[in-house]
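Asks: Letter by letter, the chains look like this.
2 protein chains.
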Amino acid sequence: MAFLGLGVMGGPMAGHLAKAGHDVTVYNRTASKGDQWVGEHGGRSAPTPAAAAAGSEFVMMCVGNDDDVRAVALGPDGALAGMAPGSVLVDHTTASADVARELAAACAAKGVGFVDAPVSGGQAGAVNGALTIMCGCDDEAVFARVRDAVAPYARACALLGSAGAGQLTKMVNQICIAGLVQGLSEGVNFAQKAGLDVDAVVAVIGKGAAQSWQMDNRASTMAKGEFEFGFAVEWMRKDLGICLAEADRNGARLPVTALVDQFYAQVLARGGRRWDTSSLVHLLQND
Amino acid sequence: MAFLGLGVMGGPMAGHLAKAGHDVTVYNRTASKGDQWVGEHGGRSAPTPAAAAAGSEFVMMCVGNDDDVRAVALGPDGALAGMAPGSVLVDHTTASADVARELAAACAAKGVGFVDAPVSGGQAGAVNGALTIMCGCDDEAVFARVRDAVAPYARACALLGSAGAGQLTKMVNQICIAGLVQGLSEGVNFAQKAGLDVDAVVAVIGKGAAQSWQMDNRASTMAKGEFEFGFAVEWMRKDLGICLAEADRNGARLPVTALVDQFYAQVLARGGRRWDTSSLVHLLQND
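In order, the protein sequences belong to chains B and P.
With our numbering applied, the first sequence corresponds to residues 1 to 287, in that order.
With our numbering applied, the second sequence corresponds to residues 1 to 287, in that order.
Incorrect hints may have been included.
Heads up, the list lumps identical chains together, so a pair's fine if it works in one copy or across two of them.
[Claimed, not checked] Each computed DSS-like pair below joins lysine-lysine, with the alpha-carbon atoms no more than 30 Å apart: (1) K207 - K19; (2) K207 - K224; (3) K110 - K207; (4) K33 - K193; (5) K19 - K224; (6) K110 - K224; (7) K33 - K238; (8) K193 - K224; (9) K33 - K19.
Read the hints as simulated data drawn from the structure, not as lab findings.
The task is simple: from the sequences and hints, build the whole structure.
Replies: Structure below.
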């Protein structure tokens, strides 16, 4: 197997493949990180995506954005240049549905399978091998092979439709979270301004119709103003940008998602680039 | 015991008191409803709140809004006029924190206890005796007595602070729900516009950071455009109005809550007065 992109997500994901006994060849744009990974996990490091991919039945990648995906997969030394018919490219990057369809077409032209497979579960999910993987694929048999291949780092792996459907599902996830976290932020800040004990309030309302994963896991840290962990605001903005661009194409209105994206821009302006998405409450607590 | 206000919530709540063996005297503005309740549950119907309250250790009320609360509790024939020192008035209406404090003061002047005790759990919670009750009370001993008294229709009953704290907690609940349901609406509509199967998407993302009670219980009906059930938009607007007025006082900004309130106004304009709060998605599905 090959794994391209050893960031905070890709590094531990590739590690799980090695731990599962696979012979893993890795590629990373900053080569020293690839060597470090090999030092910890074994396997080999390759100088280009094509070299890493050569001879692998499965090539996983997890990079930054659409441009990175195109460069790593389709560039002159990109993964596809090294892949043989019958092998499969799996893209774990959160990217646009367009780039997923573009990769699917390029792969199909070479007889290579493709699955867009963005993940949720964050860094903790990657480290613990407990990611949720949302897949789009034009071929169910290819998906079935990939589901087995990614099992070492998956808690769940579902096929949602043809190429791009994985990305679209991840977009739905981020859209739901945006409005939810802003609502929770307004609730937590209102509770504080009203002199209530946020933990006591959550203990009561967290059993009913206001309940959410975010309330269960973030209300308490929001009340304390703790944001140095979790899913970074700069990543959320990247993801929401993808959602808003896709909505322009499919005609779905996203009034609150667009507004929350602007609130995240304000969080960035206040130095919260690496803060958790729950830092929306910071704007309300400090205006 | 006395119960004042036999609406969709109060009627079944009072019924649970009767089923628990209490001798219940009821009052309802439309007297025929009181007689109907007595026909089903026994007890007695009284012509005024004061007459219903006379001789009762506990007087529960569940009426429409602040003005109704004032009329039923403090009017010339209001509950307080019939109550003796040592008895307790429990207001289950979702109302302002101001009216709660006003009632607490009026009760205190007569040696009567007061608990503001708005509920969540909806009509189903009232019918099934499984409401969550959020209490504000200046006297813990009074609260402890009330907790036992409301047990027949409570799944949970918590003291959140002094008089008004129950209402403030209910406000936090509605604020959290407003942003959450709008985010979910945008997600569901986006999924539909993107050609995804909403139930399949929810089965995947409903296990992670986007999870919510609303997603678990409403995403599927939202996708189908089913809104003829649940918590009515007109009630939600009343509640959000209370939240926005209180925020003007305590300085908490509610940008998305205020926006969602306007969206609910649009739902009302489209004939959705009795639709469930999840009908926000209708605006996106039909623009």
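Asks: Next step is simple, just say for each hint if it's right about the structure.
Replies: Consistency of the hints with the structure:
{"no.": "1", "hint": "K207 - K19", "result": "between (39 Å within a copy, 26 Å between copies)"}
{"no.": "2", "hint": "K207 - K224", "result": "both (21 Å within a copy, 26 Å between copies)"}
{"no.": "3", "hint": "K110 - K207", "result": "neither (52 Å within a copy, 36 Å between copies)"}
{"no.": "4", "hint": "K33 - K193", "result": "neither (46 Å within a copy, 41 Å between copies)"}
{"no.": "5", "hint": "K19 - K224", "result": "neither (38 Å within a copy, 45 Å between copies)"}
{"no.": "6", "hint": "K110 - K224", "result": "neither (53 Å within a copy, 41 Å between copies)"}
{"no.": "7", "hint": "K33 - K238", "result": "within (24 Å within a copy, 57 Å between copies)"}
{"no.": "8", "hint": "K193 - K224", "result": "within (13 Å within a copy, 39 Å between copies)"}
{"no.": "9", "hint": "K33 - K19", "result": "within (18 Å within a copy, 70 Å between copies)"}
Of the numbered hints listed earlier, those contradicted by the structure are 3, 4, 5 and 6.
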